[in-house]
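Could you build the full structure based on these sequences and the hints that come with them?
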Amino acid sequence: MTVGLPHYLVLAAMLFAAGIITVLTRRHAIGILMGIELMLNAANLNLVAFNRFSAVGKLDGQVFALFVIVIAAAEAAVALAIFLNFYNNFATVDVDQGNELKG
Amino acid sequence: MPTLLTLLLLVVALPLCGFAILLALGKRLGDPLGGYVGTGFSFAGFAAAVAAMAAWISSSYGFGYGVGPLVRSFAWLPIGEHAGQRVPGFLDFTIYVDSFTVVMLAMVTLISAVVHLYSLRYLRGDARTPIYFGRLSLFGFSMTGLLLSGTLLQLLVFWELVGLCSYLLIGYWNERRDARMAATKAFLTNRVGDVGFIIGLCLLVSFVGNTTLPDLWVMLSPTHQTAMSNGLLTLIGCLLFCGAIGKSAQFPLHTWLPDAMAGPTPVSALIHAATMVAAGVFLLIRIDPILTADARLFVVVIGAITIAIGSLCAIAQRDLKQALAFSTMAQLGYMVLGVGVGSRDGAGFHLLTHAFFKALLFLAAGVVIYGMHHKSRLEHYGGLFRRMPVTAIAFAIGALAMSATPYFSGYYSKELIVAHAAAWSQLAADSGRSGLWSLALWVPVIGAYLTPFYLTRLWMLTFTGRPRDLEAFEEAHEPGMLSFPLVVLSGLAVVSGFDWFPVRSMVDSSAVETRAQVSALTGPASPVNPLEHDWPSRVHLSMPDVETDTAPTSTEAGDDRVEAGAAQAAHLTHWAWLAGIIAGVVIYARGFALTERLARLSVLSAPREWLRHRMYFDDLYRWVFVGAARLAGRLIDRLDRRVIDGLIDRLALAYAALGRVTASADDLIVDGVVRGVSSGVLTSGLGVGQTQGGRVRVYVASAVLMLALTVIGTVAWAVLR
Amino acid sequence: MAAALFYIFAAITLVGAIGVVMAKHIVHAAVQLLVALLGMAGLYFLLDAEFLAAAQLVIYVGGTLVLIIFGVMLTSHLGTRLMRVGPGETAIAVLTGLGLLAAIVTAIIHTRFPTPPPSVEPDVTRRLGVSLLGDYLVPFEIASVLMLAVMIGAAYLARRRPKDAA
Amino acid sequence: MTGGIVQIPSASDWSAIGVETTLAATLVAVLIVPFFARSQRGVGLVALVGVLAAFGVTLLPASVSTGHSAFFGMLIADPAALLWRQVLLLFTAGVIGIWFGATSRAVPVGDAPEFMTLLISATLGLSLMGATSNLLLLLLAMELASMPSYVLAGFRKTKRHAAEASLKYVLFGAVCTAVTIYGLSLLYGSAGTLDLGHWITATRGAYTPAAIVGVFFVLAGLLFKISAVPAHFWCPDVFEGSHVDVAAFLSVASKGAGLLLLARLWDGASHFATPMVAGMAAVLGIVAVVTTAVGNLGALRQQSVKRILAYSSIAHAGYLLSAMAVLPAGRTSLLAYLVVYAVMNLGAFAVLAGVERAAGSDDVSAFDGLAARSPVAAVAMAVCLVSMVGLPPAAGFLVKWKIMSTLATAGGAWWWIVASVAINSIISLVYYAKILRAMFLRPSTVRQEPSRLITALASVCAVTLVLMLIAFAPLEQWAASAVFWQAPVQTP
Amino acid sequence: MELLRQNVLFVLVFLPLLGAAAVLPQRTGKSARWVALGVSIATLLLAGLLPLLFDSARAGPYGYDDVGGVVQLVRRLPWVPSIHAELLLGVDGLSLPLVLLTTFVFVLAIIASFKIEKQVQGYFALVLLLETGVLGTFLSLDLLLLFVFFELSLLPMYFLIGIWGGPRREYAAIKFFVYTFVGSIAILVALIGIYLKAGSFDLVRLPALLGDLAHTNPTLAMTLFGLLAFGFLVKLPIMPFHTWLPDAHVEAPTPISMILAAVLLKLGGYGLLRVAWPLFPEQALAAWPILAALAVISILAGALCAIGQADFKRLVAYSSVSHMGFVLLGIIAMTPASMAGAVFMMVAHGLTSAALFFVVGIIYDRVHHRQIARMGGVGATMPTYGRFASLFMFASLGLPGLCNFIGEILVLMGVFSAAKTGPVSAAVPAWAIYTVATAAAFGIVLTAGYMLWCLQRVFLGKPKEDTATLAPLDSRETLVLWPLAIAVVALGVLPWTLVLTLSDTTVAALLKVLS
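Protein chains in written order, with the numbering used here: chain A, 792 to 894; chain B, 403 to 1123; chain C, 118 to 283; chain D, 56 to 547; chain E, 18 to 532.
Think of the hints as simulated: they come from the structure by calculation, not from any bench. Bear in mind the structure is a predicted one, so any value in this text is a computation, not a measurement. Check the hints yourself; a few may be wrong.
Stated by the list, open to error - Derived Cβ-Cβ restraints for the label pairs, each shown as a range:
1) D:Pro498 with B:Ala477: 56 to 62 Å
2) C:Leu250 with D:Ile525: 47 to 53 Å
3) E:Thr401 with B:Val897: 42 to 48 Å
4) D:Thr76 with C:Arg243: 27 to 33 Å
To be verified - Calculated cross-link-like contacts (lysine-lysine; reagent style DSSO-like; alpha-carbon spacing at most 27 Å):
5) E:Lys135 with B:Lys429
6) E:Lys135 with E:Lys47
7) E:Lys481 with B:Lys429
8) B:Lys777 with E:Lys479
We put the CB at the ideal spot given by N, CA and C, even for glycine.
Below, the structure is given as structure tokens:
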């Protein structure tokens, strides 16, 4: 059996699931961010695989993936800055500690 | 004709002017002056009425005495003309004048004038006299307006207005609790009767679309095309009669009249003896043509019961005015019964004579009360003949007239009624009715025995014997200004029964005029005068369930019966009269002495208490109706506040609670569902005690969970499809 | 050969990913993430996306991951080990993840994606560059604005404020 | 379009991006100004001028287009995009006004340029969101809108609440973004194109399972921007934690952009009468109903006006989504409501900003006796709130009416949504009335009154609302004319 | 002249609004008062022109005057063209009496408000705004516009009760607001349904446009009618939707109570006559048993409730519930007399209830409570006042010669004749009509009961401690009482000339629509 599109897609889905689980099981803000990175990578894998197998001719998928990488970096930057700010105010990065706003 | 109409309108307008002036300037006019103004206007009204009467009798315009009534309609509330109302103009303003109206007008204005005059003295020194005379003038306006009314609606309007005046005048001394209670009671009791009147009126409007009197007579007669079933007509008749029950203090709405004596005595004389209370009878006479035999039976029963109650209670009253009030009730019962047994003329005649002698009695009683410093109980009186002879004689004349003493006015009128009652009961016997029907004769006859008895009692206890309250007796006096009206009325109480005096003749003539009017309305082309068989004649006999053409209701047969009845009645009432007077003299010759002794017999004390307490009707009504209304009011109010508002408030609470639960979508979904499911279901026991988790993570979890469920569901659906 | 490579890289990626999920220590997680990202880069090579593979290594591994580790170091002198959730929530999370995975996999299996004949075209990197300044000019510029905004924002937040200004 | 040659953008391409260009220039200007003048308000002024200039650009004839695509299908220039830009820019100008009136003096020295940079770059992203259906640009625009917003939410960085708000916002947002990107990748894969317009016309309403997953994932991201259930959780917390001007900005700009984007996509897709499309409509309807209910019920027990307005914005998202569900018929109502919603929210937030500045609290009790302190502001606030309830004499009544009548026209099960809107209006009355009561029925507790600028801004909003009721026709025509242009299907 | 005819209604409606705008910037309360008074008098004078411009003899169909219909002085301006909503004003015999009543009562209420000291400018601005809302409701012939004005009258009332009210004003204001808002929402939903089916908001043309809805979709028609009727019944109010009324009245300041009772309740009755009935006559017939039961319950239970009240103002408030039952009864009977009676009853009740609330206000100003039990003998300490009060109370209990009697008797006559003629007779068995009518007639006794009992306890007898020394009526109070007294008597004596001649042709036209 040759390795085709479904293989990549399933692998991406697994990564995505891993990302989701990571997000949902972490209280550490940066841990959550890592989960998000996993999800983004899953998307990227999809994009590249689709570009390779089902949308040949143009490089849309790869360009998209490139931008996603950029976005991921940007997001990480913003998120980390915010975590840092949170840490400055709460002295922790446990997101569960941020529960003063509610209702 | 213009003169006549002008005069009639003047009769109505003059008191209104008096009222307006007194209302506007009363305070400035002050005590005697305001009274003079009111009296002046009332005398002017009387003059106009007399002039109108003269004009009427000599009229030659196609209406007038013995010719026909004067009917004038003006559009007042032409509702629904554009909507194609079936009978247009059903809410017209109509003036209907026949001889009866004219003589009533004269009577009312006369007594009103006399009472005004009397009141000037009676109320001297009261700072509020302008108000009093203003209210009296308003009454004069309302009563005369009532008499001129040509439609039942208009009648109702003035009917209520006289009720208002009655309320205002009974409650004139409103600082007295009994006075203001009596006023309210009078108005409310009347309103109960009026509801019947109004319903009847509305039914009439609903079925024939008209309330104008002559039109009604025509339309409701059996041959007319809008004829209604007998049952419905009976119902309408009874309902309209309900109004009269209230206004004329008939059983069961009679309780207000004795209480109404809390008002000033001249007021009692004018309103609660002579005029307003008779308005019920006036109404009955007006609707007499449309009363069916069954309705008449109802009227007879009510009248008879009232005669019995009034006469019996009058015996036991210790208050002069109250006793007279019950006697008024009884006499009104006679009139009502008279209409019932078919003696429209007798009723009208008795109404007029009664007005004179009853006003006389009240005014005489007023002199006594005034002379005795407003003590009205018989215990304080005795031997007053010496102090106030004119009054005593006037009272005696009034009493004799009322007792149906031959050659006094009451004799003629009451005799007429009793004669018809005898004829009616004979008719009942002929058609195989039970003996109970003869009570229609026996009750008036027994009443005719009781009337002289209690009047003698009153006269004896007041004017003879030795004074029981010496202190008051010493100061007792009779001012001349109060005596003058007594003299006038005494004369009328005697003469008004005679044939040459324009009372009986006027009443009789009104029947002829009415007939002429009905003929005119149905038109000469009409083959049959709808009222031909039985009306109008002096005799109007009918019996429930008896076919009109077989029963002896034709004029001749009826006349025969009445002739026979009159003989029988004369026979009975003469003895009753004699027996009553003798019993009165014997029992009360020595004041209360004999009655006190008799009362010790327990057999007699119980009925005496029963009668003295007016047969406990008042207490019954207070318990049942007033109590019930207040209780219901309180209950419904509570219902309103507790239940309905409570429901609303509770809804609001539930709403808020719902808000609280759902508002915290976070709490519910997050801590409830997620944590609840996780800790409760999956790892039972762990979650609850755990430290409260953070929120944003759970937000994410909830959102992802919902998304996941949706996606899983949809994919499953899409794939399976 | 390609299949074998795929499975190797896939295994590396998955191991890294699962490592990230399971890691107890945040730094361990970061290391596992690095493994996963490296595996990904390998997969990109397999998919003829050499430039992307390089970008993955440079930007992701060299930039983002370093940033993350900086973050960890800046904030984690407190306890970092115990920041996990309770077993109940973990179960929910795992179930959610696996449920989603099942749904996605089912969807993928039941989907017939367009399969044009594969054509390997050369010059991927060059063509990428051209399209970034051609078709994708606007996104490219927008991305630059985004970077600017992010830079300013992140700098603003991370900057220490003078005491008196608070 | 082979990859070999770099194509040169034409003039019409540039006209499609005029607003964004202007905003970018403003961005630069804002960054440069501090070098010349260290005035906080100067920076604000520059930003305001820039935003207004961008609005001016929208009024140029060149900006008006019946619909064309630009930059190789990346952008769409059509009346709807223009309408959105105009609303957005005016609204942003209003937000800057709020900033002037309530925030500028409190901003620490040197922070204004950052604030304005972030605000304008977010505006740029939001503006683009309304003008694209390309998956990539769509994503970038969303991110450009989101990331500055994350920072803006925590802009008062020494405040614990602000830090918490931005943390929550960024985490929630990042997860949603990740989900969205994954969804976008699936969409890309299922038709091999990045242009969603093409994608929709190519699929013709029949979606593969993978595409369905993708659609839902993308929808999740859009619902996050719209703050609709289930992605609404962030909204109240972030509003409360961030400053009023930011909250105001998020309430309309962010939400509106999401709505417009969703409307653009859904408008194309809803033309096809397939079970899938019907199911999508049903999903949107359910989301709308639940969102409305959650928003209104959530607001009931709040004491913070900011939170009330946050929940109310969720509720309004629900109303808007109700109209969204019945696209294409609901387009006019949706856009008209969006316009009115922008005005009334701006007015309400302006007064809130003024009150919070004066009283130091956003609690309902801070509004006590506002009518006595500043009758004009109170009346303006009242008009805005009444408009939010959907009562005359404000335009909120007519636009809510339009939504309800549109739904009713659709008939059938949509009547349930009419009922939902009606019932929710009743519920919403309770919490709006709470503010009204505080303003008018309670004695005043503080002395200070909102600044003139705030009062003026709120009054302008109130007057506009009343005028829009009286002269509803122009508004309606504007909304009706704002059609979504659809690229013609290209044969491959 | 033509200019006047074209614009008079718009000017009339918006004149108070302009007045409100003029009142707000006044520097002193005093000038605000006089400006408000001036504006309201100007409005009254302008409204006084209407009977001159209005051709009451024109007997045409229920349509616009350009085709000879009864609706006159019509002016239409475009508003929301896409849904055919217009700024459409016009006047006919239903609205004209109510417009006259409104302008009249507002002048008196503003005079009565001269004592208000708190936030005077705002108060008078709101009162004038309210007047615009009410006049707009009465004069709008576009359903949507009518609804807008209907709602517009809601908010000022909320504030007027809530800011200037008594101790529990917040509760009362919010109760009033929420209650009537729920009703409004019902109306709004109905509005949508009507528009969808008819494609128009033109009230005069809607009956024709909706024509066969009753047959094509009876469920929808019934639902729409139910929603409309509910909305207006709450406003009327009819038991069991009435509980906002006593609270609102008790807490509202005197002039606001006057307006509330005299004018705002009429919005409900007017809505029924103008909207619910013409649009859905068949549904109205189908709902007859329920509506009739509600009307009778309102009449009787309202009166009984009034008997049970210890608070003077609550008593008067409940009397309103009872009287509004007569209005509903008159409307549902659908005969010329009953409809005329309902219209007249609205006007008459407007006068008597305004007067009675003012009477309550006068005594409240002096003794600072409203407990009947602690009053007594007021007639002796304030004779003129006592006389006025008695007049109004007798008017309220339906004494002939005063205005309420005409309304009650016409309604009763109309209901009885409904058993024989008109659409109701065909749909409802006669015994049911007679039962309802008879039960309603007994309301007259109960009305007399509570009014007289109250009169007796408050005005008669010896003065009690609280009422022993009272300041006599001042000139301002007399100025309010006299016009009301004159109107109460005049309408009782000349009901046709003053009111019903205006409404008769319209009622006739409306009845053609209904049957």
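Hints, one by one, checked against the model:
no.: 1; hint: D:Pro498 with B:Ala477: 56 to 62 Å; result: holds, 60 Å
no.: 2; hint: C:Leu250 with D:Ile525: 47 to 53 Å; result: holds, 52 Å
no.: 3; hint: E:Thr401 with B:Val897: 42 to 48 Å; result: holds, 47 Å
no.: 4; hint: D:Thr76 with C:Arg243: 27 to 33 Å; result: holds, 29 Å
no.: 5; hint: E:Lys135 with B:Lys429; result: violated, 39 Å
no.: 6; hint: E:Lys135 with E:Lys47; result: holds, 12 Å
no.: 7; hint: E:Lys481 with B:Lys429; result: holds, 24 Å
no.: 8; hint: B:Lys777 with E:Lys479; result: holds, 22 Å
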